[in-house]
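Participant: Let's have the full structure, built from the sequences with the hints guiding it.
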Amino acid sequence: MNYGIDTSTDNSPLMIRTTYREAVRDAIRESILKDDRVFLMGEDVGRYGGAFGVTKGLLQELGPDKIMDTPLCESGFTGAGIGAALGGMRPIVEVMTVNFSLLAADQILNTAATYLHMSGGLFNIPLVIRMGTGGGKQLAAQHSHSLEGWYAHIPGIKVLTPAVLEDARGMLWSALEDPDPVLIFENTLLYNMEGELPATAGAVDIDRACIRRVGRDVTLISYSASLFKALEATETLAQEGIEAEVIDLRVLRPLDETTFLNSVAKTHRAVIIDEGWRSGSISAEISARIMEKAFYDLDAPVERICAAEVPIPYANHLEQAALPQPTTIVNTVRRMVTRHG
Numbered sequence: 001m002n003y004g005i006d007t008s009t010d011n012s013p014l015m016i017r018t019t020y021r022e023a024v025r026d027a028i029r030e031s032i033l034k035d036d037r038v039f040l041m042g043e044d045v046g047r048y049g050g051a052f053g054v055t056k057g058l059l060q061e062l063g064p065d066k067i068m069d070t071p072l073c074e075s076g077f078t079g080a081g082i083g084a085a086l087g088g089m090r091p092i093v094e095v096m097t098v099n100f101s102l103l104a105a106d107q108i109l110n111t112a113a114t115y116l117h118m119s120g121g122l123f124n125i126p127l128v129i130r131m132g133t134g135g136g137k138q139l140a141a142q143h144s145h146s147l148e149g150w151y152a153h154i155p156g157i158k159v160l161t162p163a164v165l166e167d168a169r170g171m172l173w174s175a176l177e178d179p180d181p182v183l184i185f186e187n188t189l190l191y192n193m194e195g196e197l198p199a200t201a202g203a204v205d206i207d208r209a210c211i212r213r214v215g216r217d218v219t220l221i222s223y224s225a226s227l228f229k230a231l232e233a234t235e236t237l238a239q240e241g242i243e244a245e246v247i248d249l250r251v252l253r254p255l256d257e258t259t260f261l262n263s264v265a266k267t268h269r270a271v272i273i274d275e276g277w278r279s280g281s282i283s284a285e286i287s288a289r290i291m292e293k294a295f296y297d298l299d300a301p302v303e304r305i306c307a308a309e310v311p312i313p314y315a316n317h318l319e320q321a322a323l324p325q326p327t328t329i330v331n332t333v334r335r336m337v338t339r340h341g
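Here our numbering is used: position 305 in the sequence shown is 305, and no number is missing along the way.
Hints listed in this document are in silico derivations from the structure and should not be mistaken for laboratory results.
Worth double-checking, as some hints may not be accurate.
Straight-line alpha carbon distances no greater than 20 Å define the calculated DMTMM-like cross-link-like pairs of lysine to aspartate or glutamate that follow [unchecked claim]:
{"hint": "1", "residue 1": "293", "residue 2": "257"}
{"hint": "2", "residue 1": "66", "residue 2": "43"}
{"hint": "3", "residue 1": "66", "residue 2": "22"}
Facilitator: The structure is reproduced here in structure tokens:
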């Protein structure tokens, strides 16, 4: 499921077939082997292999000093990660899903994100927190929400949303090299995604958005699993002569606004696809920035396609109805182009 995206970074013929889950696992393994200060901790990451199987086999391979099962206490083990980072280590903390991260929100917001400021610039917190996010797997409301937009509200942290295999493999190491807290949101719908990756794939930048498809008529701005829905929609639109440009935000904080503003200046229309709730969402922030800085480039009002403002349902048909879908993107773009020329 890569919709023809070429994520290779070199011309090496040594390509490996892998999944998103395996790419993340390889990144964890490589990070631990590369730096003695790196270790992973979280609920069920060891013997069970992680709630989504990402860390399966790592305990047996790397040992309990590197892969640590923790008690069921998000606030406790996130706080321990902060302490370890202050002590010179490079901890990776895994939280099962973003819903449970709210139990550690005080540690993330009031400690990790503020410590450098509160200490007058004396102490960084080089902590990486990974967590699952997103719906579409019938895991019901308490395991399916998309709250990464909330975290993008907080100064003092970076918020990464890897969508393609290259980023699933490469963002972790870049995050570990950052002196400040970095949150990585892995959409659980992507874990089974397969594709090819150069055997030498390594660190990637965690500063810029990426244009995944070049177009001229409308800019589709998205990230994570919604990126692939946007790309799927472009196939239908292209058959109707509408060429959409697709931007993968990759990083929600700090936002690379230059990339999407330049695209809007070219296409004159923008649609933001976001699995978060519409009110107060990251899509609202992006829309506001377009209105502030590219208003006179627009031929039509900015549109947003977000999750329905309900708890994500368990029933499959209701869950799919609550989430953004390619047909909605197609209909929205078609309406924008028809009404506004």
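Participant: With reference to the structure, classify each hint as holding or not holding.
Facilitator: Okay, the hints, checked on the actual structure:
A distance of roughly 10 Å separates the Cα atoms of residue 293 and residue 257; the hinted pair therefore holds under the 20 Å criterion. For the proposed pair residue 66 and residue 43, the alpha carbon gap of about 14 Å is at most 20 Å, so the pair holds. With a C-alpha separation of about 18 Å, the suggested pair residue 66 and residue 22 falls inside the 20 Å cut-off, and the hint holds.
Checked against the numbered hints above, the structure breaks none of them.
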